[in-house]
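Participant: Sequence:
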Amino acid sequence: MKSTLHDLHRPLGSTGLMVSPLGLGTVKLGRDQGVKYPNGFTIPDDARASALLRQARELGINLIDTAPAYGISEQRLGPLLRGQRDEWVIVSKTGEEFEGGQSHFDFSPAHTRLSVERSLKRLQTDRIDLLLVHSDGNDLSVLRDTGVYETLASLKREGKILAYGLSGKTVEGGLLALELGDCAMVTYNLSEQGEKPVLDYAASHAKGILIKKALASGHACLAEGVDPVRASFELIFDHPGVSSAIVGTINPAHLAANVATAAAVLQDIC
1 MKSTLHDLHR PLGSTGLMVS PLGLGTVKLG RDQGVKYPNG FTIPDDARAS
51 ALLRQARELG INLIDTAPAY GISEQRLGPL LRGQRDEWVI VSKTGEEFEG
101 GQSHFDFSPA HTRLSVERSL KRLQTDRIDL LLVHSDGNDL SVLRDTGVYE
151 TLASLKREGK ILAYGLSGKT VEGGLLALEL GDCAMVTYNL SEQGEKPVLD
201 YAASHAKGIL IKKALASGHA CLAEGVDPVR ASFELIFDHP GVSSAIVGTI
251 NPAHLAANVA TAAAVLQDIC
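For the sequence shown, the residue numbers in the UniProt record's numbering are 1 to 270.
These are computed hints drawn from the structure, not numbers from a lab. One or more hints might be untrue.
[To be verified] Pairs of lysine-lysine, BS3-like flavour, derived with a Cα cap of 25 Å:
no., residue 1, residue 2
1, Lys156, Lys121
2, Lys212, Lys196
3, Lys169, Lys196
4, Lys36, Lys160
5, Lys121, Lys160
6, Lys156, Lys36
7, Lys156, Lys212
8, Lys36, Lys212
[Claimed, not checked] Estimated spans, in silico, between C-beta atoms of each pair:
no., residue 1, residue 2, range
9, Gln193, Pro38, 16 to 24 Å
10, Gly194, Ser14, 35 to 43 Å
11, Leu180, Ala110, 14 to 22 Å
12, Arg230, Ser108, 42 to 50 Å
13, Arg10, Gly137, 24 to 32 Å
14, Gly147, Met1, 46 to 54 Å
15, Cys270, Gln102, 39 to 47 Å
16, Ala206, Tyr37, 28 to 36 Å
17, Pro252, Gly34, 20 to 28 Å
18, Gly78, His104, 18 to 26 Å
Since the model is a prediction, treat every value here as computed from it, not as a measurement. Even glycine gets a Cβ: it sits at the ideal position worked out from N, Cα and C.
Using the sequences and the hints given, assemble the complete structure.
Facilitator: Following this line, the structure appears as structure tokens:
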């Protein structure tokens with residue numbers, strides 16, 4: 001049995017991007033305020049962050065997830081990924097800003113363009129592979145009334161982003177996001193499966209799906225004798241609509257264990 005993901009990459013819908021079945025979430029590289037994890041953590045220094053990224057690559061992870069709302073995550077990733085750009089599929093977001101310990105949202109065309117241009121500079125790259133709208137929960141209104149998707153379509157035509165979608169909170173929003181765009185990021189785990197219709201739509205329409213809170217933000221737990229990580233990955237990867245699940249650990253042992261478990265589950269399914 002292989003314990004890496006190198007040979008298990010899969011298409012992100014019909015975007016042309018190939019992604020590892022696990023992606024590395026980087027909120028913990030840039031922000032330790034207002035986060036919903038069961039245990040506190042210390043933001044890793046550059047040496048530890050660089051080692052984590054190197055380990056992820058060695059384990060076959062090629063997808064990295066960041067956002068302007070993740071504190072200084074984008075600013076740190078730019079230098080840390082220097083010389084490796086073609087090794088990574090970079091996902092970032094627009095819409096949510098986190099300042100002074102508070103989130104606020106702006107989906108206007110002007111802010112969307114400013115946000116993407118700023119992310120390009122911070123990440124020191126000429127394109128972002130997937131740009132997601134960081135929804136405030138009013139998914140349908142955000143998609144229909146703000147002009148954010150139209151702006152992202154323009155940025156895609158300009159080559160500044162390669163694909164776009166929504167990190168939303170509702171079934172209706174996820175379905176519209178896929179109908180009009182390339183990808184949706186949805187919550188799907190052992191305790192929350194309400195957005196499964198979005199996965200079903202993606203599977204039948206060749207759209208991309210990224211799973212957030214795959215391990216319930218570290219809260220996954222089950223009956224004694226059941227491995228909650230394996231059970232989580234069995235649920236997620238049993239669905240044909242899933243492209244990749246984001247894990248946000250900064251613990252090297254946890255990362256290696258997550259990859260080995262995901263690889264074992266995927267090989268059993270295949």
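Participant: Against this structure, judge whether each hint is valid.
Facilitator: Right, here's what the structure says about each hint:
Proximity of Lys156 to Lys121 is assessed by CA-CA distance (about 17 Å); at most 25 Å being required, the pair is judged to hold. At roughly 13 Å between alpha-carbon atoms, Lys212 and Lys196 fall within 25 Å of each other, so this suggested pair holds. For the given pair, Lys169 sits about 12 Å from Lys196 by alpha-carbon distance, which is consistent with the 25 Å threshold. Restraint check for Lys36 and Lys160: not satisfied, since their Cα atoms lie roughly 32 Å apart, outside the 25 Å limit.
At most 25 Å may separate the alpha-carbon atoms for a hinted pair to count; Lys121 and Lys160 meet this at roughly 11 Å. Of the pairs offered as hints, the one joining Lys156 and Lys36 is violated, with about 32 Å between alpha carbons and a cut-off of 25 Å exceeded. Between the alpha carbons of Lys156 and Lys212 the distance comes to roughly 24 Å, so the proposed pair stays at or under 25 Å and holds. For the suggested pair Lys36 and Lys212, the alpha carbons sit about 13 Å apart, so the restraint of at most 25 Å is met.
Taking the beta carbon of each, Gln193 and Pro38 are about 21 Å apart, inside 16 to 24 Å as hinted. The hint said 35 to 43 Å for the Cβ distance between Gly194 and Ser14, and at roughly 25 Å that hint is violated. For the pair Leu180 and Ala110, the supplied restraint of 14 to 22 Å holds, since their beta-carbon distance comes to about 21 Å. Take Arg230 and Ser108: their Cβ atoms lie about 43 Å apart, and the range 42 to 50 Å holds.
In this structure the supplied range 24 to 32 Å holds for Arg10 paired with Gly137, their Cβ-Cβ distance being about 29 Å. The hinted window of 46 to 54 Å between Gly147 and Met1 holds, with their beta carbons roughly 49 Å apart. Roughly 45 Å separates the CB atoms of Cys270 and Gln102, a value that falls within the hinted 39 to 47 Å. Restraint check, Ala206 to Tyr37: a C-beta distance of roughly 34 Å satisfies the suggested window 28 to 36 Å.
Between Pro252 and Gly34 the C-beta distance comes to about 25 Å, which sits within the given range of 20 to 28 Å. Checked against the hint of 18 to 26 Å, the pair Gly78 and His104 passes, with Cβ atoms roughly 24 Å apart.
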